[in-house]
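> So you can see what is in the structure, the chains are spelled out below.
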Amino acid sequence: MRKYLHVLNIGIQNQLVYRVNFLFRACFGLLPLIAMISVWRTIYSGQSNDVGGYTLSQMISYYLVVTLVDMLTAVNEDDWQIAADIKDGNISQFLVKPIDYMRYRLCLFFAGRTIYTVVAIVPVAIFFFVQRQYLVLPGDAATFGWFALSIVMTALLQFFSAYAMALLAFWVLEVSTFIFILFAFEYLAGGHLFPLDILPPALANVLNYTPFPYQLYFPVSIYVGRTSGAALYQGLLTQFIWVVLAYLFARFMWARGIRKYSAVGG
Amino acid sequence: MDHEDIKGRGEVATGGHGDIRPIALSLHPQVSLVTPCLGGSLRRYASLYAAMWKNSVVREMSFKTNFLLWIFVELLWFALQLSFFAVIYSHTDHIGDWTKWQVVLLIGTSHFVQQIFQALFLTNITQLSELIRTGKLDFMLLLPVNTRFIVSLRQVDLGGFVNAASALVVIGYALHRLDITPGMGQFACFALLMVAGVLIHYSLMLLLASISFWTVRAQSIVWGYYSLFNIARFPDAAFSGFFKVFFTFAVPMLLVANVPARLLAHTLTTPARMVLVALMCVVCFVVSEIGWRFALKHYTSASS
Chain C
1 MRKYLHVLNI GIQNQLVYRV NFLFRACFGL LPLIAMISVW RTIYSGQSND VGGYTLSQMI
61 SYYLVVTLVD MLTAVNEDDW QIAADIKDGN ISQFLVKPID YMRYRLCLFF AGRTIYTVVA
121 IVPVAIFFFV QRQYLVLPGD AATFGWFALS IVMTALLQFF SAYAMALLAF WVLEVSTFIF
181 ILFAFEYLAG GHLFPLDILP PALANVLNYT PFPYQLYFPV SIYVGRTSGA ALYQGLLTQF
241 IWVVLAYLFA RFMWARGIRK YSAVGG
Chain Z
1001 MDHEDIKGRG EVATGGHGDI RPIALSLHPQ VSLVTPCLGG SLRRYASLYA AMWKNSVVRE
1061 MSFKTNFLLW IFVELLWFAL QLSFFAVIYS HTDHIGDWTK WQVVLLIGTS HFVQQIFQAL
1121 FLTNITQLSE LIRTGKLDFM LLLPVNTRFI VSLRQVDLGG FVNAASALVV IGYALHRLDI
1181 TPGMGQFACF ALLMVAGVLI HYSLMLLLAS ISFWTVRAQS IVWGYYSLFN IARFPDAAFS
1241 GFFKVFFTFA VPMLLVANVP ARLLAHTLTT PARMVLVALM CVVCFVVSEI GWRFALKHYT
1301 SASS
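Chains C and Z are the protein sequences, given in the same order. The first sequence begins at 1 in the working numbering and counts up one residue at a time. The second sequence begins at 1001 in the working numbering and counts up one residue at a time.
Extracted from the complex, chain C is given alone in its bound form (with noise of 0.2 angstroms):
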């Protein structure tokens, strides 16, 4: 276990390198927020009645927190530097050593996370501020402490399906195409662009049946009041469901793809 702090603490040391690459992101990302922002305040400006039953502090409160739990688990460039590291040959030494790779690059996720929320938390932080008349908070402690709970396996569940689609750079020599693609998805079923349930439910439902909104979308919806008593509960345990399995998938793919593996450089 030792060997593994040590990889988080040498984690750690390299992402403080990009602390102004971070916080010139965290500051550029708040700019689409505050279009979308903008878009949802004309809209409930020139109408009088909800959309799909958010009030517009709820939804602004939505996109706010979408922001944080983006910025506590997205993945940011772990998926390309894993095929980097198939591609060059670089995973060589992880077969030879007593390290286990799929560890060694939770713990590199985990680091990279850690200082990114430390620079990006200033700027987030200010614009939370200034936006606080609109921001809601939960109705309770318990429903925060589950939104916590949510926010770890979703960041699980961020980091194993990345994993697992890095691998793809076994068999394919090109996998950012791939990467992009689900992504896309992602990106959409996943709630980053609106609140899924004001699609069509019938929509809503199908989407509730994929993994992709237990990567972003069921964290937020609990601390915003839309998941609560019986769903919450069958919502965490699905998300679990899904974290187990997207680990055993990260987990088969590696072990198919090391048979494939032929060292290219090493």
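In short, the hints are calculated from the structure, not lab data. Cβ coordinates follow ideal geometry from the N, Cα and C atoms, glycine included. Check the hints yourself; a few may be wrong.
Said to hold, decoys possible - Ranges of calculated distance between the beta carbons of each label pair, as one might list FRET restraints: (1) Z:Lys1297 - C:Asn14: 44 to 52 angstroms; (2) C:Gly139 - Z:Arg1133: 31 to 39 angstroms; (3) Z:Asp1179 - C:Ser57: 50 to 58 angstroms; (4) Z:Thr1269 - C:Leu137: 41 to 49 angstroms; (5) C:Phe129 - Z:Thr1269: 32 to 40 angstroms; (6) Z:Thr1065 - C:Ala231: 42 to 50 angstroms; (7) Z:Val1169 - C:Gly46: 27 to 35 angstroms; (8) Z:Val1195 - C:Ala142: 38 to 46 angstroms.
As the list claims (entries may be wrong) - So these bits of chain C aren't anywhere near chain Z, every CB distance computed over 10 angstroms: (9) Arg2; (10) Asn9; (11) Gln13; (12) Thr55; (13) Asp85; (14) Phe94; (15) Leu199; (16) Ser228; (17) Leu232; (18) Val244; (19) Tyr247.
Take the given structure of chain C and dock chain Z to it, following the hints.
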């Protein structure tokens, strides 16, 4: 809306077009290295550019599957933007004074500008930080051509033209739904506005990339680009106050697609807006040239 921006994450990590092959072209026998007069210089740059085109076509055609897959990825993201507004318009019938098909027209227009920009400039400019990091910029500075020219135009991304065509289809369909048949004059103005839009994108992107002379890696710059230029496809009526002023007069993102879309949709209140686009285009270009020269002055070679 930040759906396309993350896409920038891998843009640089992907192509691996980091080599400087096209540079060899300047030594190509048919390209004269002397510049006797302005006409000759223009001809020389034209033949240089033609050679770069040829090189790009050869390059793209050697990775056919990848070429097609990238077109598919771009189409998918385009569809994503459209579906976002489709969902919004299932809950409302107007954003400010913009109706549904007018917004579709706007998204098509913004996509068109962005794809043409991508085809001609994007890959080249995102490579700038890599050229600086590896010291390859030294070679370019030594070439007997304008460095900005070679840095900006080395490669052509042909997929961008295919995707620009898909944007035209969407624009055409939106016009059909709006029951509008634009006249020749409108078409001409629209085309000019498109050129101005692409140049505005280009100037701003070069300024953004010039930051990498000091710090910040390419991925973050592409990311910044997508975040910034995303704003172009939002209807201007959604904004007010400082944000609107800033993105009209400082970073004219709210002019690039909104003005031409309004022109076609007959909702342009005054032709002065079109003059403003032309004016901002010139301003952006001049500022980017100043910024570029300033950045070059601070260039200290990285490795060699």
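> Against this structure, judge whether each hint is valid.
Going through the hints against the structure:
1. Z:Lys1297 - C:Asn14: 44 to 52 angstroms: violated, 32 angstroms
2. C:Gly139 - Z:Arg1133: 31 to 39 angstroms: violated, 50 angstroms
3. Z:Asp1179 - C:Ser57: 50 to 58 angstroms: violated, 39 angstroms
4. Z:Thr1269 - C:Leu137: 41 to 49 angstroms: holds, 43 angstroms
5. C:Phe129 - Z:Thr1269: 32 to 40 angstroms: holds, 36 angstroms
6. Z:Thr1065 - C:Ala231: 42 to 50 angstroms: holds, 43 angstroms
7. Z:Val1169 - C:Gly46: 27 to 35 angstroms: Given about 30 angstroms between the Cβ atoms, the range holds.
8. Z:Val1195 - C:Ala142: 38 to 46 angstroms: Roughly 58 angstroms apart at Cβ, these two residues miss the hinted range, so it is violated.
9. Arg2: holds, 32 angstroms
10. Asn9: holds, 23 angstroms
11. Gln13: holds, 17 angstroms
12. Thr55: holds, 13 angstroms
13. Asp85: holds, 12 angstroms
14. Phe94: Nearest chain Z Cβ is 21 angstroms from Phe94 of chain C, so the label holds.
15. Leu199: violated, 6 angstroms
16. Ser228: holds, 23 angstroms
17. Leu232: holds, 25 angstroms
18. Val244: Holds: least Cβ distance 26 angstroms, greater than 10 angstroms.
19. Tyr247: Check passes; 23 angstroms lies beyond 10 angstroms.
The structure fails to meet hints 1, 2, 3, 8 and 15 from the earlier list, while all remaining hints are met.
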